[in-house]
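Visitor: Going line by line, the protein sequences match chains U and E.
First residue of the first sequence? That's 5 in our numbering, and the numbers climb one at a time after it.
First residue of the second sequence? That's 1268 in our numbering, and the numbers climb one at a time after it.
Think of the hints as simulated: they come from the structure by calculation, not from any bench.
Listing some non-contacts, in silico: residues in chain U with all C-beta distances to chain E over 10 Å:
(1) ILE61
(2) ILE76
(3) LEU372
(4) SER484
(5) GLY488
(6) GLU701
(7) ASP757
(8) ALA792
Sample of chain U residues facing chain E (criterion: CB under 10 Å; computed from the structure):
(9) MET192
(10) ASP201
(11) GLY256
(12) LYS258
(13) ARG273
(14) PHE348
(15) CYS354
(16) GLN559
(17) VAL564
(18) GLY576
(19) LEU821
Between beta-carbon pairs, the in silico distance windows are:
(20) U:GLY99 to E:GLN1351: 50 to 60 Å
(21) U:SER403 to E:GLY1352: 19 to 29 Å
(22) E:HIS1339 to U:GLU762: 16 to 26 Å
(23) U:LEU138 to E:HIS1339: 53 to 63 Å
(24) E:GLY1352 to U:ARG198: 28 to 38 Å
For clarity, every value in this text was computed on a predicted model and none was experimentally measured.
For every residue, glycine included, the Cβ atom is placed at its ideal position computed from N, Cα and C.
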Amino acid sequence: MNAQSGFAGPPKVKERLVVIGNGMAGCRAVEEILERDPGRYAVTIFGAEPRVNYNRIMLSPVLAGEKTFDEIVINGQDWYDDNGITLVGGDPVAGIDRKTRTIVSASGRVEPYDKLLIATGSDPFIIPIPGNDLPGVVTFRDLDDVDKMLAAAETGGDAVVIGGGLLGLEAAHGLSLRGMKVTVVHLMPTLMERQLDEAAGWLLRQELESRGQTILTGANTGVIHAVEGRVAGIELEDGTRVKADIVVMAAGIKPSTTLARQAGLDCERGIMVDDHMVTSDPDILAVGECVQHRGLCYGLVAPLWDMCRALADHLTDAPSGYEGSVTSTKLKVSGIDLFSAGDFSGGDECEDIVMRDAARGVYKRLVLKDDRIIGAVLYGDTADGNWYFDLLRKEEDVSDIREGLIFGQAFASGGALADPNAAVAALSDDAEICGCNGVSKGKVVQCITKGAHSLDAVRSTCKASASCGSCTGLVESLLSLTLGGEVETGPSTMCKCTSFTHDDVRRLIVEKGLREIPEVMQELHWTTPDGCSSCRPALNYYLLCAWPGQYVDDQKSRFVNERMHANIQKDGTYSVVPRMWGGLTNPRELRAIADVVEKYDAPMVKVTGGQRLDIFGIKKEDLPAVWADLNAAGMVSGHAYGKALRTVKTCVGSEWCRFGTQDSTGLGVKIEHMTWGSWMPHKFKIAVSGCPRNCAEATIKDFGIVCVDSGYELHIGGNGGIKVRATDFLCKVETEAQAMEHCAAFIQLYREDAHYLERTAPWLERKGLDWIKAQLFDDPETIGRLAARFRFSQQFSQDDPWAQRAAGDRKDLHSHLAQVRPLSMENA
Amino acid sequence: MMAAVGTWLDIGPTTQIEAGTARTLPVEGGEEIAVFHTMRGEFYALVNKCPHKAGPLSQGIVHGDTVSCPLHNWRISLRTGEAQGEDKGCTPTIPLKLDGGRIFLLREAVIAPAHAAAKSATTPARAA
Ligand code: SRM
Ligand SMILES: Cc1cc2nc3c(=O)[nH]c(=O)nc-3n(C[C@H](O)[C@H](O)[C@H](O)COP(=O)(O)OP(=O)(O)OC[C@H]3O[C@@H](n4cnc5c(N)ncnc54)[C@H](O)[C@@H]3O)c2cc1C
Ligand code: SF4
Ligand code: FES
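Work out the full structure, taking the sequences as your base and the hints as a guide.
Guide: Here it is in structure tokens:
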């Protein structure tokens, strides 16, 4: 039916194919058609850009100076000439008239078509903020944009890139190689959050920061400022200002659908097409980023190759059909290996296999479901990316190679080697097991046969796995190979996410200078991507304790009470306990409490066992207002909710009591002022009694003081509660100042040593009273040093958390998203 | 293809919920809904009630695609609403989709519990 057939028939009138868009999809589609049936169509391509067809994804290397424009051209002018294609460059199509089957260009050129192909790609998303149209605000889509950036970079200066996705990071990389000081402003907490999980995002961020870029996450740009009509900087919604000579908007793309919409074609997010890339008008087709196929719009090139095949098959009467694409992503920033594919959000039926090699900066995570890979994130070593992607796309059953899968193709396909134990058994005696300490397999085995029958024993004898821990799995394999079933399990690990104990984690945080939760998880080989509800709060505390003033508390790793600064009740409301220093109060405070109870309809107010008042039944929305009222009367948070200093109970003391020997009330108040706000491994209670009658119950407190005529007896490690434990006597001191110094030192020792959720009583029993005494008293300077460290960290924690919330901090924690009224919706 | 539009309820931009946290959506006359944003960037909606003793799941710690209930630490799957491990129970989930940076909930599912609640509230009244 056309000129393809072998005999010379009458010359055929070619059908007219008009292509809108001289980009990657448009030209690829034409190539595919020419390959199938070169004589069939007379092709005219309209391009908004005044140049030939080039590889858009390579604009990043052009910006970075790694490639020139000539090197990224796909089809030069000769291709158009040789194939009789008319290229109308620099003249965008302005309208489609479906009745007359013509298009009109911006310059007024009218072109009739038999088939029309829309391949207009995407438009950069311009965030709707003041100043977004200033000179100096650029996007990153075509060569003109690159030229603008290069012109700006010539004079150096500051660049702000809005958007920490693939595009934004490639722009940032290019600009920083061109000598600009770059700040990336990203709305989400993790870079490239759509492609990377938190762990990989964190590694990427570390790497970019070490290259001198400033990365601001969770940052919402509010306005772009100008000086003399040109970009001068941006201001975030939280008021932070960043200087900028150029602002690159890389906050996303949206399918370019304007022409199609005006022509009345069906569009949602993109131009709607069927499996043959045909729009709602049978003579109009569309491919590339501008389309929406089976509900999806794509932003990568791989899908468009498949789309173009289906389109060409259809236009040459051999319809095949496109069924959608699974995509994978790589970041084109030299020196950073990063790969992501499929769905890595995990799920019930999904299993994670995680491998972390801190020494090499490698993180690999595979997500398996029904024995098939459904997602992969690789950072630092992407050599097996294609292999995993292949298994993923083919939905191959990996149960046979599962054990060795994470180690890559070479390892997993090694037959017997797929069993890690067998793989380790196959290693030669001088194969290195522990890279950090240079320990060979022979040495580890030797130390096991000599009696080191547990991981910890191996660590302490030959040092294998004692540093970064990445060889822990290997050492464990050697233990079970050498001993059979007799491996002794050491102290239990922190939780199922790690093979390290609490002590290991605390020690390594300090030794290795680990400063953020994702960093700890990476360096210590966490086997889950973002931990669990046991380890997250523990890590948050350990970091807070290790890096006072530097570590930024991670609210989402805190239990509800500490996040909401109030105690949750069985009905989901909260109780509020303001501090009453040493159990003292006054009319002003009592009046304020009474007013709050009435104003917020609190169903109950109660005197607690901790000598203060507890207001019950407050809704989360009302908490900030309640706190504002209490603050106004001078009251601050009582931390009745926290693994923190709770109360300092006092008795009447020498001021009034006929038996009192010292001012126990006054001392209690002073101690509470010194210790309030401090975060601890568990709750911590103090009491000061004025004489050995001990009315404040000081001998069942974490730290108790019993005043006597000659001074102060100090007691430690007591608690009431589930298992009552009376305190141990620590020592006696003569002055108030000494009592306070000892109190601070003891607290700090506990803070720095105990496991999270271990109260002083079990801690003391685990370590022994002698150990604690030795820590405190062997070196006469220790008490002073510990107390100084405590006071230092208190500088940063004695900031009333209620006041911050009452002033509007973290409103999102207290307010609803919206309200739904079903009845009014019914009528909507 | 536009048919789905009327049945999805726009509850605002995804940026309103910090990753690793949840926020709430009270439904007049019905069950409060908790909308979760996981650390991996996924969004889920569930009735804000633990199957154990109705703890407000929105206030729990979110890890992976699970939330640990703030009251007694049951772990609830955000995908299915099922309690994990030894614990047995299930919280209703609400179909959710994202489009153009906004969160949509299936309207029927949002108001279904509301209708149910309204019914059970009115039945005894009618019977009396
Ligand atoms: C309010 C109060 C009861 C009261 O009305 O008196 C109270 C209430 C709770 N106590 Fe207590 N304890 C209160 C004084 C005590 C005391 C008495 C004291 O401090 O002198 C004890 C025994 C002394 C001790 O701690 O050594 C006490 C031993 C416990 C225990 C067991 C601790 C242990 O080590 O065995 C728990 C459970 C826990 O912390 O894990 C607990 C836990 C709780 C929790 C936080 C349960 C929870 O997790 O929700 C209760 C919160 C209720 C609420 O919403 O406010 N509460 N609790 C007291 C608040 C004191 C304050 O002003 O801050
Ligand atoms: C800097 C950068 C880096 C990238 N890196 C990668 C990567 O590493 N991997 C990857 O898979 N993808 C990457 N992409 C995405 C990839 O480039 C796109 O998916 C691909 O170019 C889409 O092809 P397209 O033909 O649909 O759109 P385009 O290539 O944008 O082509 C559309 C063309 O249509 C023209 N046009 C628009 N409207 C009209 C009109 N009215 N009249 C005439 N012409 C019009 C436009 O000027 C444009 O030339 C990157 C993109 C950019 C910008
Ligand atoms: S004794 Fe038990 S019931 Fe009473 S407040 Fe303490 S934890 Fe709650
Ligand atoms: S109410 Fe959720 S665990 Fe008890």
